[in-house]
Amino acid sequence: MQRTPLLTGTGWIVFLAAALVAVVLIPLMATVPAPGSALRLPAYLVPLFGKYLCYAILALALDLIWGYAGILSLGHGAFFALGGYAMGMYLMRQIGTRGVYGDPILPDFMVFLNWRELPVAWWGFGNFAYAAVMALLVPGLLALALGWLAFRSRVTGVYLSIITQAMTYALLLAFFRNDMGFGGNNGLTDFKEILGHEIQAPSTRLGLYVITAMALGLAFLVCRFVVTSRFGRLLLALRDAESRVRFIGYSTTAAKLFVFVLSAVLCGLAGALYVPQIGIINPSEFQPGNSIEVAIWVAVGGRGTLAGAILGALVVNFIKTWLTGAAPELWLFALGALFIIVTLAMPNGILGLADQMRLWRRPASVPVATGETAHE
Amino acid sequence: MSEALSTAQLYLDGVTVSFDGFKALNALSLVIEAGELRTIIGPNGAGKTTMMDVITGKTRPDSGTALFEGRHDLTRLDEPAIANLGIGRKFQKPTVFENLTVEENLELALKDDRRIRHTLFRRLDQEQEARLERVLGEVGLARRRTEMAGLLSHGQKQWLEIGMLLVHDPRLILLDEPVAGMTDAETAATADLITRLARDRTIVVVEHDMVFVRNLGAKVTVLHEGSVLAEGSIDAVQNHPRVIEVYLGR
Numbered sequence: 001m002q003r004t005p006l007l008t009g010t011g012w013i014v015f016l017a018a019a020l021v022a023v024v025l026i027p028l029m030a031t032v033p034a035p036g037s038a039l040r041l042p043a044y045l046v047p048l049f050g051k052y053l054c055y056a057i058l059a060l061a062l063d064l065i066w067g068y069a070g071i072l073s074l075g076h077g078a079f080f081a082l083g084g085y086a087m088g089m090y091l092m093r094q095i096g097t098r099g100v101y102g103d104p105i106l107p108d109f110m111v112f113l114n115w116r117e118l119p120v121a122w123w124g125f126g127n128f129a130y131a132a133v134m135a136l137l138v139p140g141l142l143a144l145a146l147g148w149l150a151f152r153s154r155v156t157g158v159y160l161s162i163i164t165q166a167m168t169y170a171l172l173l174a175f176f177r178n179d180m181g182f183g184g185n186n187g188l189t190d191f192k193e194i195l196g197h198e199i200q201a202p203s204t205r206l207g208l209y210v211i212t213a214m215a216l217g218l219a220f221l222v223c224r225f226v227v228t229s230r231f232g233r234l235l236l237a238l239r240d241a242e243s244r245v246r247f248i249g250y251s252t253t254a255a256k257l258f259v260f261v262l263s264a265v266l267c268g269l270a271g272a273l274y275v276p277q278i279g280i281i282n283p284s285e286f287q288p289g290n291s292i293e294v295a296i297w298v299a300v301g302g303r304g305t306l307a308g309a310i311l312g313a314l315v316v317n318f319i320k321t322w323l324t325g326a327a328p329e330l331w332l333f334a335l336g337a338l339f340i341i342v343t344l345a346m347p348n349g350i351l352g353l354a355d356q357m358r359l360w361r362r363p364a365s366v367p368v369a370t371g372e373t374a375h376e
Numbered sequence: 001m002s003e004a005l006s007t008a009q010l011y012l013d014g015v016t017v018s019f020d021g022f023k024a025l026n027a028l029s030l031v032i033e034a035g036e037l038r039t040i041i042g043p044n045g046a047g048k049t050t051m052m053d054v055i056t057g058k059t060r061p062d063s064g065t066a067l068f069e070g071r072h073d074l075t076r077l078d079e080p081a082i083a084n085l086g087i088g089r090k091f092q093k094p095t096v097f098e099n100l101t102v103e104e105n106l107e108l109a110l111k112d113d114r115r116i117r118h119t120l121f122r123r124l125d126q127e128q129e130a131r132l133e134r135v136l137g138e139v140g141l142a143r144r145r146t147e148m149a150g151l152l153s154h155g156q157k158q159w160l161e162i163g164m165l166l167v168h169d170p171r172l173i174l175l176d177e178p179v180a181g182m183t184d185a186e187t188a189a190t191a192d193l194i195t196r197l198a199r200d201r202t203i204v205v206v207e208h209d210m211v212f213v214r215n216l217g218a219k220v221t222v223l224h225e226g227s228v229l230a231e232g233s234i235d236a237v238q239n240h241p242r243v244i245e246v247y248l249g250r
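Top line first, the protein sequences correspond to chains S and U. According to my numbering, the first sequence is numbered sequentially starting from 1. According to my numbering, the second sequence is numbered sequentially starting from 1.
Please note that the accuracy of each hint is not assured.
[Said to hold, decoys possible] The calculated lysine to aspartate or glutamate pairs, modelled on DMTMM-like cross-linking and capped at a C-alpha distance of 20 Å, are: (1) K93(U) / D113(U); (2) K90(U) / D190(S); (3) K90(U) / D179(S); (4) K90(U) / E127(U); (5) K23(U) / E36(U); (6) K93(U) / D108(S); (7) K111(U) / E242(S); (8) K23(U) / E33(U); (9) K58(U) / E242(S); (10) K93(U) / D240(S).
[Stated by the list, open to error] Partial chain S-side listing against chain U, Cβ under 7 Å, derived: (11) I199; (12) R246; (13) I248.
For the record, the hints were derived by calculation from the structure and aren't laboratory data. The structure presented is a predicted model; accordingly, all values stated were derived computationally and were not measured. From the three backbone atoms N, C-alpha and C, an ideal C-beta is built for every residue, glycine too.
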């Protein structure tokens with residue numbers, strides 16, 4: 001039995017073509033043609049694309065556990081936000097004396113609150129590497145703790161979804177508080193530079209965009225590696241018949257915990273890439289609705305496909321950007337309608353549409369049982 | 001216990017299990033020799049499933065002896081330990097992984113390191129490949145290997161499940177109503193499959209379907225109210241007056 005290839009031949013072609021567009025074509029269009037020419041990509045679009053790609057990583061992370069292991073986490077926005085906060089704390093420390101109050105150590109909001117020294121939670125965040133590790137580690141550890149408690153007690157299905165919603169809501173309330181020390185209601189913003197590069201500069205934004213695109217590509221390949229391994233088949237098996245998997249000797253708790261933590265780490269990565277491009281992180285990122293929206297992206301694109309999750313995140317967010325500009329009051333109705341249409345008419349999402357069309361054109365023939373015997 | 005106390009593959013003596021005073025097994029004694037194919041029949045509540053539960057460690061007997069290969073005391077071992085000894089059990093309702101292919105189902109069932117790291121990085125070695133190949137042939141699903149298990153017929157799912165037992169090379173196989181819900185053709189094919197498997201394994205089949213039991217042509221044990229009522233060939237058993245009275249319904 002051959003190991004399932006990471007991607008099929010066509011898969012690699014599509015992957016490389018998408019990578020070419022994202023990492024080569026778009027940066028070229030943003031720099032080479034003269035400003036104002038038809039081919040020139042407007043500067044404001046670069047961080048917007050960067051944002052979409054961060055969302056795509058988030059959707060990919062959710063698809064890994066929802067589409068393959070059948071765990072519908074509705075708290076992935078929280079892991080994303082935690083990664084974002086870790087990066088935001090680094091960016092806050094980089095402001096230094098350029099803040100409104102000019103304090104070399106304390107961020108503005110701490111000076112405003114009359115704090116005298118940096119809280120312990122902020123120690124080390126002046127160092128980029130430390131902040132980067134924390135952006136992955138904190139969501140990972142939270143997922144480990146929550147997952148261990150939930151999976152060990154065999155909490156699954158809708159109960160797990162509710163627990164994860166409660167988790168993100170609890171974090172929302174906690175981060176709203178000023179005495180948590182993360183900027184309260186206003187969050188973290190007014191960033192100046194990242195690793196010595198001015199954060200608003202077009203070159204920095206382009207660089208962040210390219211890094212995000214490469215991170216998405218890498219995350220996709222990592223997820224593909226996981227789902228094409230025997231572990232990936234184990235995930236499908238436990239999604240469909242968990243007790244049977246336990247019965248043949250696998251620890252389903254360990255398997256679910258591994259994939260949950262991996263997924264949370266990917267969310268942290270997405271959040272950390274998101275904040276410097278958007279320029280702000282505040283508690284609203286923890287809103288329960290955000291996490292539900294991620295599930296809609298995945299459902300729209302086609303769950304259990306990975307590529308579909310990316311596609312769904314991009315498509316829904318393009319529509320969102322366009323519609324919130326054209327008719328903002330319609331957006332939530334549109335999102336709801338989209339979800340209903342996808343659930344009822346396209347259970348396999350956009351990626352499943354091709355197969356569905358084939359079925360419509362040629363009605364499924366009833367397979368005739370052939371008197372097959374056990375010996376061949 | 002290292003000294004074999006009995007040469008039998010499976011040795012049950014005076015096994016009693018009671019649930020709230022109801023004796024599911026009442027001093028049941030049964031000896032299955034190595035390489036034997038044995039059919040167990042009996043009306044509902046005769047203790048057939050409870051007997052399987054005792055053998056696989058799911059239920060602890062109140063008293064009695066249960067020995068595997070004369071050495072292993074089954075009343076002291078838990079389910080995984082007994083499975084590792086080489087006793088495989090197929091439950092009544094088949095549960096195969098419907099969204100995996102036939103060979104992927106067998107791959108997951110193969111005896112191998114079950115840790116995450118291993119499932120992420122390792123592939124099957126040659127010996128495992130060969131075993132998978134052999135089992136696919138044995139259960140007659142070689143041509144269906146890349147098909148989703150969910151697309152198999154009910155009978156084929158049962159065979160796949162038997163295959164998932166066989167990849168462990170069990171020395172004793174317990175089959176609980178293997179032909180329930182099968183078509184006549186599938187039932188005949190299953191009888192064939194079991195007869196072939198029994199050539200180099202010990203198999204105990206619990207079944208209701210008398211045509212199937214006859215097809216197996218094996219020694220039959222009739223259970224009634226938790227103990228053995230009769231034992232012998234199918235014809236001898238069917239003509240046994242007590243059996244006719246309690247089971248075959250006169």
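Outcome of the hint check:
The straight-line distance between the Cα atoms of K93(U) and D113(U) is roughly 27 Å, outside the 20 Å bound, and the hint therefore fails. Distance check on the hinted pair: K90(U) and D190(S) sit about 65 Å apart at the alpha-carbon level, beyond 20 Å; violated. A distance of roughly 59 Å separates the Cα atoms of K90(U) and D179(S); the hinted pair therefore is violated under the 20 Å criterion. The hinted pair formed by K90(U) and E127(U) fails the criterion: a straight-line CA distance of about 24 Å is larger than 20 Å.
For the hint pairing K23(U) with E36(U), the CA-to-CA distance comes to about 28 Å; that exceeds 20 Å, so the pair is violated. Simply put, K93(U) and D108(S) have alpha-carbon atoms about 66 Å apart, too far for the 20 Å limit, and the pair is violated. Taking the CA atoms of K111(U) and E242(S), the gap is near 18 Å; set against the 20 Å cutoff, the hint holds. Proximity of K23(U) to E33(U) is assessed by CA-CA distance (about 26 Å); at most 20 Å being required, the pair is judged violated.
With a C-alpha separation of about 19 Å, the suggested pairing of K58(U) with E242(S) holds against the 20 Å cut-off. Of the supplied pair hints, the one linking K93(U) and D240(S) holds, its CA atoms being roughly 15 Å apart against a limit of 20 Å. For I199(S), the interface hint is violated, since its Cβ never comes within 7 Å of a Cβ in chain U; the closest pair sits about 38 Å apart. The restraint placing R246(S) at the interface with chain U is violated, with a minimum CB-CB distance near 11 Å, outside the 7 Å limit.
Hint status for I248(S) relative to chain U: holds, with the closest Cβ pair at about 5 Å, below 7 Å.
Checked against the numbered hints listed earlier, the structure breaks hints 1, 2, 3, 4, 5, 6, 8, 11 and 12; every other hint is satisfied.
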